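*Asks:* The hints should help you fit chain B onto chain A, whose structure is shown.
Number of protein chains: 2
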Amino acid sequence: MIASKAARSVLIAGGKQLIDFGLRRAHGAEAGLLAARASYLAGFAGTSTVLAGMAYDIPIYGTMAHSFVQAHTNETTAFEHFALAQPENAVLLIDTYDTERAAHKVVALAPSLKQQGIAVKAVRLDSGDLADHARKVRRILDEGGLPHAQILASGNLDEYQLQRLIAGGAPIDSFAVGTAMTTSADAPSLDCAYKLQEYAGRPCRKRSEGKATWPGRKQVYRQYTHDGRCDYDVVTTHNDHQPGEPLLQPVMTEGRRLVPVQKLTELRERAATQLARLSDSLRSLECDRPYDVRISHSLQDLARVVDQCV
Amino acid sequence: MIASKAARSVLIAGGKQLIDFGLRRAHGAEAGLLAARASYLAGFAGTSTVLAGMAYDIPIYGTMAHSFVQAHTNETTAFEHFALAQPENAVLLIDTYDTERAAHKVVALAPSLKQQGIAVKAVRLDSGDLADHARKVRRILDEGGLPHAQILASGNLDEYQLQRLIAGGAPIDSFAVGTAMTTSADAPSLDCAYKLQEYAGRPCRKRSEGKATWPGRKQVYRQYTHDGRCDYDVVTTHNDHQPGEPLLQPVMTEGRRLVPVQKLTELRERAATQLARLSDSLRSLECDRPYDVRISHSLQDLARVVDQCV
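From first to last, the protein sequence lines are chains A and B. The opening position of the first sequence corresponds to residue 806 in the numbering used here, with each subsequent residue numbered one higher. The opening position of the second sequence corresponds to residue 806 in the numbering used here, with each subsequent residue numbered one higher.
Same shape as in the complex, but just chain A:
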């Protein structure tokens, strides 16, 4: 679910950098780590969760906290201290008190930082109308001699907010996505489950109202359009060969793994390749045509036979 939601964000971000900021509201620390991994797999640039970076070799991104600013008696000192502590990563959080006033403070501070060899890498906006603040701050930075300082936006973002900000042309270079993605807020669970399809060589299935399954061992054949996009899938019994690419392959037999573990970077490349093969409709947030999955005659026949035996 998290990877799907992250993939949707990547698809509409049009190459802009996305970063996972979701740890603090994940459903526990483990869920936060898994979300960082899933979002990187789906194409995010990295995560603010340091342990996930270490555990899965994911690039780590981050900026200062509001508490860092508040712990200082004024913002300029906070910015200076942060830049000195993180000279290669001077991403300054400017919304603690007043975003535009803070942007002017950054401009005023920049020359003395430059003398010490430190460039302001980016500023972070985290509240209010992000598009409006981004335009005003971009102008302040440009006019203040900081055209290379980027703008990072955060604050209750999801794929719909990203689409709105990007479509509106807001001058934002990177987006940090947190709670909504890490908790998969609008679809926090996937209503599916493993179900027994065969036992001791005998195909079987559930027929519970609204929860019926198809019986027996299966194969899924994917059909592509002439330009290589996914067209439709056919679900059939495992020995009924159909045109197209067979998708299912055994990964374990008699307790032994049959294929090597794939690295996260390989999975990430595969996800990107597969996403590129989706139709334009499936790649948009407003999918108007669900993917076509067909059930073969042989599978329908098997279900009839199985039902007669129970």
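Be aware that a few hints might be false.
To be verified - Listed next, the in silico SDA-like pairs over lysine to any residue satisfying Cα-Cα at most 25 Å (straight line):
{"#": "1", "chain 1": "B", "residue 1": "Lys821", "chain 2": "B", "residue 2": "His886"}
{"#": "2", "chain 1": "B", "residue 1": "Lys1016", "chain 2": "A", "residue 2": "Arg906"}
{"#": "3", "chain 1": "B", "residue 1": "Lys1016", "chain 2": "A", "residue 2": "Lys1000"}
{"#": "4", "chain 1": "A", "residue 1": "Lys1016", "chain 2": "A", "residue 2": "Leu995"}
{"#": "5", "chain 1": "A", "residue 1": "Lys1016", "chain 2": "B", "residue 2": "Ser1103"}
{"#": "6", "chain 1": "A", "residue 1": "Lys1000", "chain 2": "A", "residue 2": "Ala913"}
{"#": "7", "chain 1": "B", "residue 1": "Lys1016", "chain 2": "A", "residue 2": "Leu995"}
{"#": "8", "chain 1": "A", "residue 1": "Lys926", "chain 2": "A", "residue 2": "Ala913"}
{"#": "9", "chain 1": "B", "residue 1": "Lys1000", "chain 2": "B", "residue 2": "Ser1103"}
{"#": "10", "chain 1": "A", "residue 1": "Lys1016", "chain 2": "B", "residue 2": "Asp937"}
{"#": "11", "chain 1": "A", "residue 1": "Lys941", "chain 2": "B", "residue 2": "Gly1015"}
{"#": "12", "chain 1": "A", "residue 1": "Lys1016", "chain 2": "B", "residue 2": "Gly973"}
{"#": "13", "chain 1": "B", "residue 1": "Lys1000", "chain 2": "A", "residue 2": "Leu889"}
{"#": "14", "chain 1": "B", "residue 1": "Lys1023", "chain 2": "B", "residue 2": "His1043"}
{"#": "15", "chain 1": "A", "residue 1": "Lys941", "chain 2": "A", "residue 2": "Glu905"}
{"#": "16", "chain 1": "B", "residue 1": "Lys926", "chain 2": "B", "residue 2": "Lys1000"}
{"#": "17", "chain 1": "A", "residue 1": "Lys1000", "chain 2": "B", "residue 2": "Lys1023"}
These aren't lab readings, by the way, just hints derived from the structure by calculation. Just so we're clear, the structure is a prediction, and the values are computed from it rather than from any experiment.
*Replies:* Chain B in isolation, oriented as in the chain A frame:
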């Protein structure tokens, strides 16, 4: 969030037994354990997660799986094998193929089980119109000489479904609640965060748009109505004494715990006591009057002073 959602379920369940069935769709194994603990704390009777039962000393409940039925060539044999394996907990899942037909099979099997000293403890409904199935199955069990066999319902339940089933008088004795509660599906996160309120003796606060906080060390005084219900809270500075019960107390100072760890059973009792003190409106699913939280003059004055210093 999970505890709040579980508490809402408990409040509208009117004493009917609730069980956590949510592990399989939790956001990771850790989240599943924490959800089992949170729902028990809020008043659930127990959980189907065995490890949570062992880790937190929570009663464990469960029934057979659909795969257990499917692994047998007929339902009656599956019911018999389960009852023999779990003679004290013969809760039979009857919706795998046809709920009412399975109820008749349970009735037909019951005498031979009784001869072996086994009583059918309950049947579980897991699909379709639960209220309708419960009425039909209740009649089949009663007419079949099993008036003491209870009915347990499960299947995408949440507090609103519980309210509907209970208000409709469905003859269901226990409810197993899963995905919607464990993932807090309609409110999967709580939009709050720790924020710095004082640093080195200096009160401070954030003023970010829509995210401003109140500065300084605080105390909260709770006012009660004449019948002991919570009436309203006053948030004030820590040394501004107000009428009512002070709610905040230090739990740690200089790295040392000041109060002993409370047992889960104590927390559960406390939760029940506190829930009983909520107004009828707050105890309903459709709260028409949000709880009244007031900010004292002294806190407002402090905010003004703090703002002048930044």
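*Asks:* Does each hint hold? Answer for all of them.
*Replies:* Verification of the hints:
1. A hinted pair counts as satisfied when its Cα atoms are at most 25 Å apart, and lysine 821 of chain B with histidine 886 of chain B does not qualify at roughly 29 Å.
2. Our distance criterion of 25 Å between C-alpha atoms is met by lysine 1016 of chain B and arginine 906 of chain A, whose separation comes to about 17 Å.
3. A threshold of 25 Å between alpha carbons decides the hint, and for lysine 1016 of chain B with lysine 1000 of chain A the separation of about 46 Å lies outside it, so the pair is violated.
4. Taking the CA atoms of lysine 1016 of chain A and leucine 995 of chain A, the gap is near 14 Å; set against the 25 Å cutoff, the hint holds.
5. Simply put, lysine 1016 of chain A and serine 1103 of chain B have alpha-carbon atoms about 59 Å apart, too far for the 25 Å limit, and the pair is violated.
6. Note on lysine 1000 of chain A and alanine 913 of chain A: the hinted pairing is violated, with a Cα-Cα distance of about 64 Å set against a maximum of 25 Å.
7. Taken as a hint, the lysine 1016 of chain B and leucine 995 of chain A pair is broken in the structure, with Cα atoms around 32 Å apart against an allowance of 25 Å.
8. Under the criterion of a C-alpha separation no larger than 25 Å, the hint pairing lysine 926 of chain A with alanine 913 of chain A is consistent with the structure, at around 15 Å.
9. Proposed proximity of lysine 1000 of chain B and serine 1103 of chain B is supported: the alpha carbons are some 20 Å apart, at most 25 Å.
10. Pair hint lysine 1016 of chain A plus aspartate 937 of chain B holds up; C-alpha atoms about 17 Å apart against a cutoff of 25 Å.
11. A distance of roughly 19 Å separates the Cα atoms of lysine 941 of chain A and glycine 1015 of chain B; the hinted pair therefore holds under the 25 Å criterion.
12. The straight-line distance between the Cα atoms of lysine 1016 of chain A and glycine 973 of chain B is roughly 24 Å, inside the 25 Å bound, and the hint therefore holds.
13. Taking the CA atoms of lysine 1000 of chain B and leucine 889 of chain A, the gap is about 24 Å. The hint holds against a cut of 25 Å.
14. A C-alpha spacing of about 4 Å is found between lysine 1023 of chain B and histidine 1043 of chain B, which places the hinted pair at or below 25 Å, so the restraint holds.
15. Between the alpha carbons of lysine 941 of chain A and glutamate 905 of chain A the distance comes to roughly 7 Å, so the proposed pair stays at or under 25 Å and holds.
16. With a CA separation close to 51 Å, the supplied pair lysine 926 of chain B and lysine 1000 of chain B exceeds the 25 Å bound.
17. Distance check on the hinted pair: lysine 1000 of chain A and lysine 1023 of chain B sit about 53 Å apart at the alpha-carbon level, beyond 25 Å; violated.
Against the hints set out earlier in the document, violations occur for numbers 1, 3, 5, 6, 7, 16, 17.
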